[in-house]
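Given next are the chains, with one letter for each unit.
2 protein chains.
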Amino acid sequence: MKKKGKLLVISGPSGAGKSTVVFKAIEGRDDICFSTSATTRSPRPGEVDGREYFFVSFERFLEMVANDELLEHAEYVANCYGTPRAYVEQRLAEGMNVVLDIEVQGARQVRRQMPEAVLIFIAPPSLEELEKRLRGRGTDTESAIEGRLIRARQEYQEADFYDYLIVNDDLEKAANQLNAIIEAEHCRFADWSDFLKAN
Amino acid sequence: MKKKGKLLVISGPSGAGKSTVVFKAIEGRDDICFSTSATTRSPRPGEVDGREYFFVSFERFLEMVANDELLEHAEYVANCYGTPRAYVEQRLAEGMNVVLDIEVQGARQVRRQMPEAVLIFIAPPSLEELEKRLRGRGTDTESAIEGRLIRARQEYQEADFYDYLIVNDDLEKAANQLNAIIEAEHCRFADWSDFLKAN
Numbered sequence: 274m275k276k277k278g279k280l281l282v283i284s285g286p287s288g289a290g291k292s293t294v295v296f297k298a299i300e301g302r303d304d305i306c307f308s309t310s311a312t313t314r315s316p317r318p319g320e321v322d323g324r325e326y327f328f329v330s331f332e333r334f335l336e337m338v339a340n341d342e343l344l345e346h347a348e349y350v351a352n353c354y355g356t357p358r359a360y361v362e363q364r365l366a367e368g369m370n371v372v373l374d375i376e377v378q379g380a381r382q383v384r385r386q387m388p389e390a391v392l393i394f395i396a397p398p399s400l401e402e403l404e405k406r407l408r409g410r411g412t413d414t415e416s417a418i419e420g421r422l423i424r425a426r427q428e429y430q431e432a433d434f435y436d437y438l439i440v441n442d443d444l445e446k447a448a449n450q451l452n453a454i455i456e457a458e459h460c461r462f463a464d465w466s467d468f469l470k471a472n
Numbered sequence: 274m275k276k277k278g279k280l281l282v283i284s285g286p287s288g289a290g291k292s293t294v295v296f297k298a299i300e301g302r303d304d305i306c307f308s309t310s311a312t313t314r315s316p317r318p319g320e321v322d323g324r325e326y327f328f329v330s331f332e333r334f335l336e337m338v339a340n341d342e343l344l345e346h347a348e349y350v351a352n353c354y355g356t357p358r359a360y361v362e363q364r365l366a367e368g369m370n371v372v373l374d375i376e377v378q379g380a381r382q383v384r385r386q387m388p389e390a391v392l393i394f395i396a397p398p399s400l401e402e403l404e405k406r407l408r409g410r411g412t413d414t415e416s417a418i419e420g421r422l423i424r425a426r427q428e429y430q431e432a433d434f435y436d437y438l439i440v441n442d443d444l445e446k447a448a449n450q451l452n453a454i455i456e457a458e459h460c461r462f463a464d465w466s467d468f469l470k471a472n
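Protein sequences, first through last, are from chains S and P. In terms of this note's numbering, the first sequence opens at residue 274 and continues consecutively. In terms of this note's numbering, the second sequence opens at residue 274 and continues consecutively.
There's no promise every hint is true.
Chain copies aren't distinguished; within one or between two, either way the pair holds.
[What the hints assert, rightly or not] Mimicking PhoX-like on lysine-lysine, the simulated pairs with C-alpha atoms at most 20 angstroms apart in a straight line are:
no.	residue 1	residue 2
1	276	446
2	446	277
3	277	470
4	470	276
Simulated from the structure, these hints should not be mistaken for laboratory data. These figures come from a predicted structure and were not determined experimentally.
Work the whole structure out from these sequences, hints included.
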């Protein structure tokens, strides 16, 4: 019996180290993949439809929204991005755990559409540390950094419907926690009805 | 900040290997202990009050029940057994994860009294395998074995309020799953309100 995968929604402030934690956790695992989004923006040179994104027209995107074909969607710099439900469902049915790296508002939509999704918030050890990391990257202007800090604080308030919080003060530990969450979620009693019926 | 421990309620049919899985999981960990029950039965030679059990009179036990001092209680061979709430609360406050090995009915009482308890059911890979294990032990009569199998099937039906199911088909794997569940439960978003308030 192929066990269904889990949809893992990962959120957290820019600079919390979300991608680093996820990449560390999935090292050597072949049962985790990232979701592929649909977008209305044009492909950049080298991007392949269905690999980086599913590239769709604005009309098709509106249709997907109207038909409930997206688990969540958002607008960013005049382009639309969304997570195709059918694609995610297919990967889950194949036994893959699917990672979705989205903001809190998108996670809220996913929770409504797929209540069994696992919502994980990754936070830096403190806002002071986040500020240090953002400055250390040297990519943001002073006002952008201030904006990100205000946004982070706001996200903490909004994220109360998440299932888990991982405080990324140690990469190894944070990655282990993410893997433990995946392992534990696969032990959910509700997922074992077939086993219990057969016994 | 000392993080509060988790109350881990472990149930499962006799022969599922509950104790073996728990002992394997806590090897080398000093943050897990078993709970100590109160009982009305007399101490056996060598048993120390507060170590094997809290030995109490029948009158005192009734009082504990009346005063809601027990997280759960049951009667077994004309003696009463129960889990003192104050004792468990104290160990949890010390940061210990407390293991409670009890039957489904007791777990139901714990869930009502302490909704944040983590309920874990440990099952054998199949009822055929359970039967083989029970026969292999050579300690039960034929009718006792049949009784245990009927009881196991019944427990599966009643256990639908548990959080997790661990299928013990491989000791190492089962112990890892138990540890993953403990790790994941310590990442519960709701446990981090102090962290979020401070940030």
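Hint-by-hint comparison with the structure:
1. Only between protomers do residue 276 and residue 446 lie at most 20 angstroms apart by alpha-carbon distance; the minimum there is 16 angstroms, versus 27 angstroms within a single protomer.
2. Taking the shortest alpha-carbon separations for residue 446 and residue 277, only the inter-copy value of 19 angstroms comes in at or below 20 angstroms, while the best intra-copy value is 26 angstroms.
3. When the C-alpha separation of residue 277 and residue 470 is checked against a cutoff of 20 angstroms, the pair qualifies only within one copy, where the shortest distance is 17 angstroms, while the shortest distance between copies is 36 angstroms.
4. Taking identical chains as interchangeable, the C-alpha atoms of residue 470 and residue 276 lie at most 20 angstroms apart only when both belong to the same chain, with a minimum of 16 angstroms there against 38 angstroms between chains.
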